[in-house]
Amino acid sequence: MLRITGGKVYDPANGIDGVVKDICVSDGRVVTDTHAEGGRTIDARGLIVFPGGVDAHTHVAGAALNFARGLTPENMRRGHPFVHSRELRAGLGGVTPTTFATGYMYAGMGWTTVNEAAVPILSARHTHEELHDTPILDKSCLVLMANNEIVLDLLEAGEIERATHVVAWLIWAAKAYGVKAVNPGGVAAWKWGKDAKILSAPIEGYKTLTPATIIAGLAKIVDELRLPHPVHLHCNNLGIPGNVSTTLETLRILDGHRAHLAHLQFHAYGGDDWGSLRSEAAALAEYFNAHPNLTTDAGAMLFGETVTITADGPLEYMLHQLSGRKWGNVDVENETGCGIVPHAYKPNKLVNAVQWAVGLELLLLINDPWRVFLTTDHPNGACFWRYPEIIRLLMDVEFRKEQIKLLPEKAQKRIVLADVDRQYTLSEIAIISSAGPARALGLSQKGHLGVGADADIALYEERPESGILFEFPRYVIKGGDVVVEDGAVRNVRNGRQFVVRPAFDHQIEDYLRPLFQKVYTMSFDNYPVEVERLHQPDIKPCG
Amino acid sequence: MVTLTLKDQPNVPLEAEMLSPDVLVALSNDEIRALPVLLGKRRRRVDDFFSVEGAQSDDLEIRGDVAKVKWIGRGMTRGRITIAGNAGMHLGAHMTGGAIDVSGNASDWLGAEMSGGTIRVRGNAGGQVGAAYRGSQTGMTDGTILIDGTAGLEVGMRMKRGIIAVGGKVRDFAGLQMKGGTIVMREGAELRTGAWMMRGTIISLTPIPLLPTFSYASMYNPTFMRLYARHLATLGFAIPYEDRDGAYQRYAGDACVPGKGEILVWKPSASSDSSR
Numbered sequence: 021m022l023r024i025t026g027g028k029v030y031d032p033a034n035g036i037d038g039v040v041k042d043i044c045v046s047d048g049r050v051v052t053d054t055h056a057e058g059g060r061t062i063d064a065r066g067l068i069v070f071p072g073g074v075d076a077h078t079h080v081a082g083a084a085l086n087f088a089r090g091l092t093p094e095n096m097r098r099g100h101p102f103v104h105s106r107e108l109r110a111g112l113g114g115v116t117p118t119t120f121a122t123g124y125m126y127a128g129m130g131w132t133t134v135n136e137a138a139v140p141i142l143s144a145r146h147t148h149e150e151l152h153d154t155p156i157l158d159k160s161c162l163v164l165m166a167n168n169e170i171v172l173d174l175l176e177a178g179e180i181e182r183a184t185h186v187v188a189w190l191i192w193a194a195k196a197y198g199v200k201a202v203n204p205g206g207v208a209a210w211k212w213g214k215d216a217k218i219l220s221a222p223i224e225g226y227k228t229l230t231p232a233t234i235i236a237g238l239a240k241i242v243d244e245l246r247l248p249h250p251v252h253l254h255c256n257n258l259g260i261p262g263n264v265s266t267t268l269e270t271l272r273i274l275d276g277h278r279a280h281l282a283h284l285q286f287h288a289y290g291g292d293d294w295g296s297l298r299s300e301a302a303a304l305a306e307y308f309n310a311h312p313n314l315t316t317d318a319g320a321m322l323f324g325e326t327v328t329i330t331a332d333g334p335l336e337y338m339l340h341q342l343s344g345r346k347w348g349n350v351d352v353e354n355e356t357g358c359g360i361v362p363h364a365y366k367p368n369k370l371v372n373a374v375q376w377a378v379g380l381e382l383l384l385l386i387n388d389p390w391r392v393f394l395t396t397d398h399p400n401g402a403c404f405w406r407y408p409e410i411i412r413l414l415m416d417v418e419f420r421k422e423q424i425k426l427l428p429e430k431a432q433k434r435i436v437l438a439d440v441d442r443q444y445t446l447s448e449i450a451i452i453s454s455a456g457p458a459r460a461l462g463l464s465q466k467g468h469l470g471v472g473a474d475a476d477i478a479l480y481e482e483r484p485e486s487g488i489l490f491e492f493p494r495y496v497i498k499g500g501d502v503v504v505e506d507g508a509v510r511n512v513r514n515g516r517q518f519v520v521r522p523a524f525d526h527q528i529e530d531y532l533r534p535l536f537q538k539v540y541t542m543s544f545d546n547y548p549v550e551v552e553r554l555h556q557p558d559i560k561p562c563g
Numbered sequence: 002m003v004t005l006t007l008k009d010q011p012n013v014p015l016e017a018e019m020l021s022p023d024v025l026v027a028l029s030n031d032e033i034r035a036l037p038v039l040l041g042k043r044r045r046r047v048d049d050f051f052s053v054e055g056a057q058s059d060d061l062e063i064r065g066d067v068a069k070v071k072w073i074g075r076g077m078t079r080g081r082i083t084i085a086g087n088a089g090m091h092l093g094a095h096m097t098g099g100a101i102d103v104s105g106n107a108s109d110w111l112g113a114e115m116s117g118g119t120i121r122v123r124g125n126a127g128g129q130v131g132a133a134y135r136g137s138q139t140g141m142t143d144g145t146i147l148i149d150g151t152a153g154l155e156v157g158m159r160m161k162r163g164i165i166a167v168g169g170k171v172r173d174f175a176g177l178q179m180k181g182g183t184i185v186m187r188e189g190a191e192l193r194t195g196a197w198m199m200r201g202t203i204i205s206l207t208p209i210p211l212l213p214t215f216s217y218a219s220m221y222n223p224t225f226m227r228l229y230a231r232h233l234a235t236l237g238f239a240i241p242y243e244d245r246d247g248a249y250q251r252y253a254g255d256a257c258v259p260g261k262g263e264i265l266v267w268k269p270s271a272s273s274d275s276s277r
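Top line first, the protein sequences correspond to chains A and B.
Counting from 21, one number per residue, gives the positions in the first sequence under the numbering used here.
Counting from 2, one number per residue, gives the positions in the second sequence under the numbering used here.
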């Protein structure tokens, strides 16, 4: 039994907004107050009590991230070192923290659940091993499906039913939690040196298949399979001037199906070229506000040095050509690709200044905080450990306006941020950082502090000395264990892994097996990740 | 002057970045003796390996063969280190000022990513002199490195400013991906000199094999050479610049980047007998 007394509780999922109340924890869950004696009591007077943070879209494990770690030793050298101790494993912080450090750093900020958003099925096994070595956090991962050649061939042939079984089989083979679509068709086209920029045009290498068919098909399939999390969409034309038209067209193609739009900041630009780039966050937010079938995460960008990692191979090649920085490219057989380019976002660059504003504009102009989440698309827009900086910009309009004044004058004319006076309340911060993403991921025991919820709780100073909220929690409780206390990580245990098992016809293997033997380097029987391979699987039902 | 004398040769490399004037100037000899050094992964004290004598100063003398001691003078900003013997890897890496003088040989990564100060090696140096560490965009950004003997691979890799002057022969990839600054090689170099160089100047006083992506431009005596020669002469390193002695053949490249660097190869005049 653990009792947290006297803290101001923010639990928006249960309608609790800054009420002083006790929270009791037993067996890793929140329980009703039995007034039982014994156990530990945390005096939380002067502290605010939040459900542990949930990151709806991040990149913390897998082949691509590991490639980025290897490609940027200069970043690893600059990273904060974690020295081996009795409690902690050694590791490095920085822009692509090592596995153990990732767990310590997320927990050290009060975040306890993360969703790894881009896993090729071929490297799912590796990803699960890395996730296992990412301590404290509960994890889920999404598999890349919008450039999988087997799925694409079925969508081109109009065999939706068989495609549904294949998608379900692939999700279970990867032991994943949902479906990710990155630049639908664009990565397949990249294997021919092309991209898929027009949603209604046939994709290179296909006769009739268009990105629109893939988007509509996957959204339908994911809804059909009743996955807890809708299709997780990384739209075409990421980061390109004028791409807001592609994004809006994508949303119309969804035609009422559920969808989560990943890192929307990178998809909300107007203008015809880099010189005329401007923010179209307002137009996108307006469409978004009118369509409740959609959720999104901000993918906000902060100035500084980072490394960009995405399955969107053609985008990374473009970025490499623009910046001249080193470039890594991976071809993942018949499934997807991946590109890595280190990148520095600079406030004096027009494009970067607009990007910075767009992320914040989306967070402020989308009215319903339950549908827009706090992310930076770590590490693409900025590193996850910089979330407190974004929270400060959202909560303090005066500070925000001072920062806008530092941007180039030209950039200030391309954004609407200066006209937005909205300030986030603490309750709204709890929604965008925890309650909202938990709901969008369909994790009913996360993101709230009601009875039965997982006891993932973060306690912060209401008035920290540094003036920056959420930077250093006083206590973090994960699954009932106090994992952060007095500024130190302790009591480290491994978290769970959320997996879904959608229904599929087992005869689909008769269809897949010969295809596999023909086109894959790996044998069919070695392809699926065995459920025993997962260390603490938590299999969620569909429907 | 503080004098450290090696009394016990470490069996594996010793990491000793605290052996720098910036750290030692504020400490008494007893405090210096107690400083931590890393022997492999184990923590040891300076006096496990060195005897410490002399008076508190930013002038440091290290005696003995410290070829296995790494990171001496790392990030130093002032003062002087004199090494009577050989020095280990990463000597003077990241230094911004002060002077280092080695009587014997130095190892790899000498003055890597340094941004100021002077390093002089009387013997030979290893590879990656004044270079960028793996992944970094730029190597040395200022300062001077003088090597009387030979040097290894990738000398001045990605350097941006400053001078590296080598008396003996240099191995492959001198000035690899160079972005600026000057490399002077009295005895020339082996293969692929200036590969991927963007800018900067490589001067060779001996004919060298050139990459096909360097094209011949002209033969002349650049005006700046007079200035460089005078500066290097004060450091005891002579280079020719007089028309009567000969001229430099200028090769531009590396065209495959494409870069605007130059390699200047000294050609003594037929009448001249002073090719050096």
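These are calculated hints, taken from the structure and not from any lab test.
What you are looking at is a predicted structure, and each value in this text was computed from that prediction instead of being measured.
There may be inaccurate statements among the hints.
[As the list claims (entries may be wrong)] Between beta-carbon pairs, the in silico distance windows are: (1) B:Arg46 <-> A:Glu149: 49 to 59 Å; (2) B:Arg44 <-> A:Asn313: 34 to 44 Å; (3) A:Lys346 <-> B:Arg44: 34 to 44 Å; (4) A:Lys346 <-> B:Ala230: 55 to 65 Å; (5) A:Lys346 <-> B:Leu192: 15 to 25 Å; (6) A:Val103 <-> B:Tyr217: 37 to 47 Å; (7) A:Pro428 <-> B:Leu39: 25 to 35 Å; (8) A:Ala508 <-> B:Ala256: 24 to 34 Å; (9) A:Asn511 <-> B:Ala35: 26 to 36 Å.
[Unchecked claim] Sample of chain A residues lacking proximity to chain B, with all beta carbon distances greater than 10 Å (derived): (10) Thr92; (11) Pro93; (12) Glu94; (13) Arg97; (14) Phe102; (15) Leu142; (16) His152; (17) Pro248; (18) Ile260; (19) Gly262; (20) Arg278; (21) Asn368; (22) Glu409; (23) Lys430; (24) Phe536.
A virtual CB, placed ideally from N, CA and C, is assigned to each residue, including glycine.
Here is what the structure says about each hint:
| no. | hint | in the structure |
| --- | --- | --- |
| 1 | B:Arg46 <-> A:Glu149: 49 to 59 Å | violated (40 Å) |
| 2 | B:Arg44 <-> A:Asn313: 34 to 44 Å | violated (60 Å) |
| 3 | A:Lys346 <-> B:Arg44: 34 to 44 Å | holds (36 Å) |
| 4 | A:Lys346 <-> B:Ala230: 55 to 65 Å | violated (37 Å) |
| 5 | A:Lys346 <-> B:Leu192: 15 to 25 Å | holds (24 Å) |
| 6 | A:Val103 <-> B:Tyr217: 37 to 47 Å | violated (56 Å) |
| 7 | A:Pro428 <-> B:Leu39: 25 to 35 Å | violated (47 Å) |
| 8 | A:Ala508 <-> B:Ala256: 24 to 34 Å | violated (56 Å) |
| 9 | A:Asn511 <-> B:Ala35: 26 to 36 Å | holds (35 Å) |
| 10 | Thr92 | violated (6 Å) |
| 11 | Pro93 | violated (4 Å) |
| 12 | Glu94 | violated (4 Å) |
| 13 | Arg97 | violated (7 Å) |
| 14 | Phe102 | holds (15 Å) |
| 15 | Leu142 | holds (27 Å) |
| 16 | His152 | holds (26 Å) |
| 17 | Pro248 | holds (40 Å) |
| 18 | Ile260 | holds (26 Å) |
| 19 | Gly262 | holds (31 Å) |
| 20 | Arg278 | holds (42 Å) |
| 21 | Asn368 | holds (19 Å) |
| 22 | Glu409 | holds (25 Å) |
| 23 | Lys430 | holds (27 Å) |
| 24 | Phe536 | holds (38 Å) |
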